[in-house]
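A.B. asks: Each chain is listed here by its residues.
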Amino acid sequence: MVCQTIPMKIVAVCGAGIGTSVLLKMNAEKVLRTLGLTATVEAADIETARQSRDAQILLATPEIVDKLQGLPSEVIAIEHVFDLGEISEKLTKAML
Amino acid sequence: MSLLNAALGPGSIATGVEATDWEDAVRAAGAGLEASGRCTPAYTDAMVAAIVELGPYIVIAPGLAMPHARPSEAVLATGMSLVTLREPVSFGSKKNDPVRVVFALAAQDHDRHLELLAEFAGKFGSEGFVNSLLSCSTEGEIRALFA
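Those protein sequence lines, which keep their order, are chains P and B.
Per my numbering, numbering through the first sequence is continuous, rising by one, with the last residue being 96.
Per my numbering, numbering through the second sequence is continuous, rising by one, with the last residue being 147.
Simulated from the structure, these hints should not be mistaken for lab results.
Yeah, the Cβ is synthetic: ideal placement off N, Cα and C, and Gly gets one too.
Please note that a few of the clues may not be correct.
[Said to hold, decoys possible] What follows is a list of derived Cβ distance ranges for each label pair:
1. 114(B) x 38(P): 17 to 23 Å
2. 37(P) x 137(B): 41 to 47 Å
3. 9(P) x 132(B): 47 to 53 Å
All chains, please: the whole structure from these sequences, using the hints.
C.D. replies: Laid out in C-alpha cells, this is it:
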C-alpha cells in the first residue's frame, strides 16, 4: 500500500472572504511555487474559517488575527499583503 | 481594455480628494462605486460597518486601503473605484498608515472578480505603484497606468 501524504491546508482569512483573503491566497500560492512547497490554499471569511477548523495554517492581516484565536491552526499575521518576502519568510518558518 | 480599467466605470476615479478621516475617505470611494452604477448606498454603509466591526484590516499595504463588504443585493455589478487623497488619513493601521490611496471593491459573488484581483495584485506587487498613482492628477493618467 502506498502511503500518500495529505497536502497541508492553508486558509487565507478576511472579513468578507472576497478581497483581502483572495489577494493573500494568490500571493501565498506564488510564494509556495517559488519555494517548491505543496499545499492547498483557500480564501474564506472569518466565520467559515472558525467553523471548518481543518487548516494547518491561517493567514490574515493583523486585525483579523485577533479574531482567530483558540483554533487548532497556526495563525500568521501578514502586514503587507503584496510583500512576497514577508509571506515567504513567515510561511517557510511555519511549514518547515 | 484591461480588467482594471473595465472594473473602474465612468465616475469611479477621483484624484486629490479631501477627506477629513478614514470614514470620509471610504465614503468617497463608495460614492465612486455608486456613481458608476456598481452598488447602492447600502453597500457603502456596509464597507464602513466592516471597518468599525473588524478594524482597519483592509489597509493591506503601506498607504493603500481596499475597503469592501460581502456580496449582497446592494452590489449591482462587480467593480472598483479609486480615490487618491490630497492629504493622507489615518485608518488606525499599525504598519500601513497613513492611507493615501483608497481602492474600493464590490463583488457580486465569490468567483467572478478573481481575475480582476489577480491583475490588481500584479500592479500593486511592483514597488512604488502607490506613489505612481499619487503622481497622477487626472483620470486619464491613472487609466494609462492600468492599461
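A.B. asks: The structure should be examined with respect to each hint, and the outcome stated for every one.
C.D. replies: Each hint tested on the structure:
no., hint, verdict
1, 114(B) x 38(P): 17 to 23 Å, "holds (21 Å)"
2, 37(P) x 137(B): 41 to 47 Å, "holds (44 Å)"
3, 9(P) x 132(B): 47 to 53 Å, "violated (36 Å)"
Checked against the numbered hints above, the structure violates only hint 3.
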